[in-house]
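From first to last, the protein sequence lines are chains A and B. Take 1 as the starting number for the first sequence in this note's numbering and just add one per residue. Take 1 as the starting number for the second sequence in this note's numbering and just add one per residue.
Each hint should be verified, as a subset may be incorrect.
In this list, chains with the same sequence are indistinguishable; a pair is considered to hold if it fits within one copy or across any two.
[As the list claims (entries may be wrong)] Straight-line Cα separation of at most 25 Å, SDA-like style, residue types lysine to any residue; simulated pairs:
#1 205 / 225
#2 169 / 291
#3 258 / 131
#4 375 / 81
#5 170 / 257
#6 343 / 96
#7 164 / 146
#8 258 / 57
#9 205 / 141
#10 170 / 255
No lab work stands behind these hints: they were computed from the structure.
Number of protein chains: 2
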Amino acid sequence: MKKALAVFAASLLMAGALSAQELSNFNFGGRQQIVSPEIADGQVTFRLAADYATVVQLAGNWLEGAVPMKKENGVWSVTIDLPSPEIYTYNFVVDGVSVNDPQNYMVQRDGTRYLNMLMVPGERTAPYFETDHRGTVTYKWYDSAILGINRRLTVYTPYGYEAKANAKKKYPVLYLLHGAGGDEEAWSSMGRAAQILDNLIEQGKAQPMIVVMPNGNPNQQAAQTLGLKTSDVNFRDPAYANAYVRSLCEEIVPFIEKEFRVNAKPESRAIAGLSMGGGHTISASTLYPAMFDYICPLSAAGSANDEQIQALKKAGVKLYFLACGTSDFLYEGSKTLDATLTKNGLDHIFYQSEGGHTWANWRLYLQTFAPMLFK
Amino acid sequence: MKKALAVFAASLLMAGALSAQELSNFNFGGRQQIVSPEIADGQVTFRLAADYATVVQLAGNWLEGAVPMKKENGVWSVTIDLPSPEIYTYNFVVDGVSVNDPQNYMVQRDGTRYLNMLMVPGERTAPYFETDHRGTVTYKWYDSAILGINRRLTVYTPYGYEAKANAKKKYPVLYLLHGAGGDEEAWSSMGRAAQILDNLIEQGKAQPMIVVMPNGNPNQQAAQTLGLKTSDVNFRDPAYANAYVRSLCEEIVPFIEKEFRVNAKPESRAIAGLSMGGGHTISASTLYPAMFDYICPLSAAGSANDEQIQALKKAGVKLYFLACGTSDFLYEGSKTLDATLTKNGLDHIFYQSEGGHTWANWRLYLQTFAPMLFK
């Protein structure tokens with residue numbers, strides 16, 4: 001079979017009729033075997049076959065500017081020091097055009113962009129790898145009367161949720177919100193939320209919990225879908241910001257509490273979000289102060305006033321976990337919120353990390369606050 | 001907020017510190033607005049900004065050879081006749097290197113390759129668009145003692161499965177298998193299985209059914225995962241072919257029948273698969289002739305002998321739907337199987353379409369046989 005296919009493929013290529021068969025993933029003989037990226041001896045090598053290119057560079061989110069690559073036998077390569085353990089993204093720049101690494105099938109979608117992943121193993125990234133006991137990830141649709149469309153959300157249920165032994169067990173829920181440019185796949189993809197929760201739960205560090213990751217762009221029904229309606233809401237218009245938050249608290253929360261085995265009580269509800277989602281987190285907690293006992297704005301675009309914080313204090317919030325990178329462009333806003341919380345005597349954690357407005361930080365924050373929830 | 005971000009972004013760009021913030025999906029002012037692909041007046045235009053490239057071409061699975069593009073003001077473009085309604089894939093070739101269209105976020109992953117989608121609207125593609133009533137897609141893990149690893153599969157449950165009114169309703173199940181090079185996401189992504197079933201069920205053309213899409217590469221735990229074990233099985237070695245089929249029939253089927261509300265009877269079980277998955281379909285039906293009443297090998301790599309067909313006949317198969325493109329490289333094998341079925345007097349359908357070993361055909365076959373199931 002394998003040989004017959006190779007012979008057939010060769011005749012196809014000669015006949016120029018390859019487009020009639022979709023065989024590209026068969027391993028044709030004679031194709032140059034290139035490995036990229038290759039990690040060895042504290043270094044990483046990137047390679048790209050591009051015999052006719054004039055200038056090829058490496059661009060990565062850990063690099064200051066593009067790194068030149070050199071050509072030998074039609075293959076461009078560069079070897080650089082391995083950065084510290086983390087998930088990085090990169091692409092090549094071929095004569096000024098961004099190109100994904102065709103040898104590296106690990107790709108993250110960030111909104112409308114596709115970027116290759118470089119996973120550097122180590123203590124920092126151990127929780128981002130798959131563990132032995134893995135939860136279920138579900139894409140579900142719910143109706144939003146407030147936004148006038150039905151919409152998709154991602155739900156993580158922990159390992160064991162379906163087991164007979166747990167048939168009567170009810171779970172707490174973390175509502176985990178993405179930033180502008182993201183969608184309902186951002187936290188499960190770039191955020192590695194399922195892997196982080198799997199690891200924390202398996203190690204007994206976090207309570208088994210359901211994680212709900214909705215789409216925070218109220219004009220989108222879902223990411224990457226075709227032919228769907230879009231609502232007329234402009235999600236950047238502050239006048240509409242509350243429409244999504246109202247939908248979250250009045251539609252998504254009841255939907256989840258109907259569809260899943262959930263403790264429908266404030267002490268079993270947490271809300272966290274990054275950037276725009278941090279703003280949604282703050283808005284939800286101020287508009288519905290009695291709904292969530294655990295509130296975690298991350299690198300948040302948003303603020304709260306004294307009256308709003310007093311309402312939260314009165315409602316008896318169990319955890320207010322504020323996090324921001326010290327070089328984040330929203331750091332000043334987080335410091336202001338921290339000061340408002342302090343001034344109003346609301347116990348809270350202001351977790352400050354190095355770096356800026358990055359998924360490296362948001363993954364770190366999730367690992368940091370998830371063990372504090374529902375305890 | 002929007003203005004502040006734009007100002008901040010400008011200062012970031014000047015400081016060369018963009019890598020510390022992940023803001024790429026914000027709509028920076030000044031970025032050239034390019035639309036690609038653009039469909040108008042029976043033509044489609046593709047565009048790519050590539051001021052420093054020497055040769056830029058368009059490659060598409062409906063095109064015979066690469067199409068040259070022309071540069072004007074740093075933007076390469078080409079306008080060609082719109083092909084007939086279908087989902088096509090394409091990419092650009094920039095100085096010999098394949099490049100995805102950065103303006104088109106619709107991307108399909110075919111094994112390890114990423115290809116942009118061109119969706120041409122029309123009667124043929126109407127069932128590939130999202131409809132009003134959409135089912136749920138779930139990624140679940142199950143244990144395989146036969147393969148020695150736990151593994152991921154994709155499950156589609158139809159719209160209404162979770163509704164209270166259907167709480168006691170049991171559903172039939174279609175096991176839908178991918179080809180070599182594919183994985184548990186192939187049918188839901190390239191095959192648009194969820195959209196096809198949503199459309200057929202909404203229009204009353206197909207019975208509401210569960211669709212199970214496992215990973216047919218027995219050495220893979222799952223597609224696109226990190227740090228997972230791989231088994232030592234070589235899935236191209238025919239000696240191991242039955243290990244996966246045994247796992248399918250002895251592990252996956254019981255798992256699904258335990259986890260979902262399913263009619264655990266042959267008349268409520270269908271099996272279909274393309275290429276290698278067609279071979280798995282044939283093997284499953286011959287090794288377990290009493291298990292599936294509906295058998296659909298598509299562009300199948302596999303065959304069956306008289307004795308095996310007689311066993312199926314005796315078991316009382318309700319539908320044997322064989323499909324192949326007349327220019328498929330496996331067409332002769334399908335004709336042989338058709339002849340064997342005829343010779344043995346097993347009622348069957350040999351559905352022959354134009355074209356070859358393509359997703360266009362596999363999507364068509366799913367639409368054709370799904371309405372014949374469970375009736």
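Status of the hints after comparison with the structure:
1. In the homo-oligomer, the alpha carbons of residue 205 and residue 225 lie at most 25 Å apart only across protomers (23 Å), although the nearest pairing inside one protomer, at 37 Å, exceeds that limit.
2. Taking CA atoms no more than 25 Å apart as the test, residue 169 paired with residue 291 passes inside one copy only; the shortest distance there is 21 Å, against 34 Å between copies.
3. In this assembly of identical chains, residue 258 and residue 131 lie within 25 Å of each other by CA distance solely across copies; the values are 24 Å between and 29 Å within a copy.
4. Proximity of residue 375 to residue 81 under the C-alpha cut-off of 25 Å is found in neither arrangement, the shortest distances being 42 Å within a copy and 62 Å between copies.
5. In this homomeric assembly, residue 170 and residue 257 come within 25 Å of each other (Cα to Cα) both inside a single copy, at 10 Å, and across copies, at 23 Å.
6. Taking identical chains as interchangeable, the C-alpha atoms of residue 343 and residue 96 are never at most 25 Å apart, the minima being 51 Å within one chain and 62 Å between chains.
7. With identical chains, the CA atoms of residue 164 and residue 146 are at most 25 Å apart between copies only, with a shortest distance of 23 Å across copies and 37 Å within one.
8. Within a single copy, residue 258 and residue 57 get their C-alpha atoms no closer than 52 Å, and across copies no closer than 52 Å, so neither meets the 25 Å cut-off.
9. With identical chains, the CA atoms of residue 205 and residue 141 are at most 25 Å apart between copies only, with a shortest distance of 22 Å across copies and 31 Å within one.
10. In this homomeric assembly, residue 170 and residue 255 come within 25 Å of each other (Cα to Cα) both inside a single copy, at 15 Å, and across copies, at 23 Å.
Of the numbered hints given earlier, the model fails hints 4, 6, 8; all others are met.
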